[in-house]
Amino acid sequence: MCRETPGKGGATRGLYRILITALILALLTGCASMARERLATNLASAMLNQDDPDIVRAGAPAYLLLLDGMIRDNPNDQSLLLAGSRLYGAFATGLIREPVRVKRLTQRSWEYAQLAFCARYREICEQTDARYDQFAATVDRIAPGELNLLYVYATSWAGWIAARSDDWGALADLPKVEHLLERIIAQAPEYDQGRAQLYLGVMHSQLPPALGGKPEIGKAHFELAITYSGGHDLMAKVEYARRYARLVFDQPLHDRLLHEVLAAPAQAPDLTLSNILAKQQAELLLKDEYF
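Just so we're on the same page, our numbering is the position in the sequence shown counted from 1, plus 148.
The set of hints was computed from the structure by calculation and includes no laboratory data.
Possibly wrong hints are sitting among the right ones.
What the hints assert, rightly or not - Pair by pair, the computed Cβ-Cβ distance ranges are:
{"id": "1", "residue 1": "ARG289", "residue 2": "ARG245", "range": "38 to 46 Å"}
{"id": "2", "residue 1": "SER313", "residue 2": "HIS407", "range": "26 to 34 Å"}
{"id": "3", "residue 1": "PRO292", "residue 2": "ALA368", "range": "17 to 25 Å"}
{"id": "4", "residue 1": "VAL248", "residue 2": "VAL396", "range": "30 to 38 Å"}
{"id": "5", "residue 1": "ALA358", "residue 2": "TRP316", "range": "17 to 25 Å"}
{"id": "6", "residue 1": "ARG268", "residue 2": "PRO357", "range": "33 to 41 Å"}
{"id": "7", "residue 1": "LYS435", "residue 2": "ALA358", "range": "22 to 30 Å"}
{"id": "8", "residue 1": "LEU401", "residue 2": "GLU274", "range": "38 to 46 Å"}
{"id": "9", "residue 1": "GLY217", "residue 2": "VAL396", "range": "42 to 50 Å"}
{"id": "10", "residue 1": "ALA206", "residue 2": "GLU274", "range": "36 to 44 Å"}
{"id": "11", "residue 1": "GLN198", "residue 2": "ALA291", "range": "30 to 38 Å"}
{"id": "12", "residue 1": "PRO292", "residue 2": "ASP200", "range": "38 to 46 Å"}
Since we're looking at a predicted model, the values are computed, not measured.
Cβ atoms here follow ideal geometry from the backbone N, Cα and C, with glycine treated the same way.
Modelling step: build the complete structure from the supplied sequences, incorporating the hints.
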């Protein structure tokens, strides 16, 4: 039996087959990654644009379990980790009232954010327990860009701290979170429809001037948050009333902001659920006779 000896043509055909196989595998891997990213984005969007908080309370755990499973299978997928962090954080801070559960859920949010962020910026993660000046110096060496990664890292950390407001060790890290957010608004002051400004507004409205606080800085951030959302982020007005107006005992501002929230439509892209919750909180704030 005769057997053809491989020549140049056979070797070339073999090389083509290898290249084509590699290309197909790369495309399939890329498609799977895109599908995972799209699913995570759609899950987040479905939750943020839902106008019935009770549906989200009932359905969100299934979303979170699905993301947990996807992350377990793809532990290095940055898009999944960031989506998981944001969904856990939003569920914990907006829809859960039991302190123990809030702590547990914000812990998961913070862990996912760290996995995504530390894979890229390990040096910063290694400085989280360092003194503020050392941490800030490390953060300041970050090149511009990747704001979403920095933002989710900062806000999940802020949520983790807020759930542990009785822990002075956790509260001591707030200036580090503030520095991260300042880095974001230095590059994009309107980021996330002004939500970075909103976080800073809350942070700067903790102490009255008599105790060394600078609430006027918080006021400026609240007003920027409202401006950058086009007035659509009703939670910015609720927090402006709750944090700043009450702190400085400005009842006319407080009541005006809350009545504006009640009169405004709730539907807005990626803000609908937050706005429904803002309306509920505005009603409670107006009823509690703080002034």
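Comparing the hints with the structure gives:
At about 40 Å, the CB distance of ARG289 to ARG245 agrees with the hint of 38 to 46 Å. The hinted window of 26 to 34 Å between SER313 and HIS407 holds, with their beta carbons roughly 29 Å apart. Between PRO292 and ALA368 the beta carbons are some 23 Å apart, a value that agrees with the proposed interval 17 to 25 Å. At roughly 33 Å, the beta-carbon separation of VAL248 and VAL396 lies within the given 30 to 38 Å, and the hint holds.
For ALA358 and TRP316, the Cβ-Cβ distance of about 21 Å falls inside the hinted range of 17 to 25 Å, so the restraint holds. Hint check: ARG268 to PRO357, Cβ distance near 39 Å, so the stated range 33 to 41 Å holds. The beta-carbon spacing between LYS435 and ALA358, approximately 28 Å, falls within the hinted interval of 22 to 30 Å. At about 43 Å, the beta-carbon gap between LEU401 and GLU274 stays in the expected band of 38 to 46 Å.
Range check, GLY217 to VAL396: about 48 Å between beta-carbon atoms, so the 42 to 50 Å window is met. Checked against the given bound of 36 to 44 Å, the beta carbons of ALA206 and GLU274, roughly 40 Å apart, stay inside it. For the hinted restraint 30 to 38 Å between GLN198 and ALA291, the CB-CB distance of approximately 37 Å keeps it satisfied. Checking the proposed 38 to 46 Å range against PRO292 and ASP200 shows it holds: the Cβ atoms sit about 40 Å from each other.
Hint compliance for this structure: no hint is broken.
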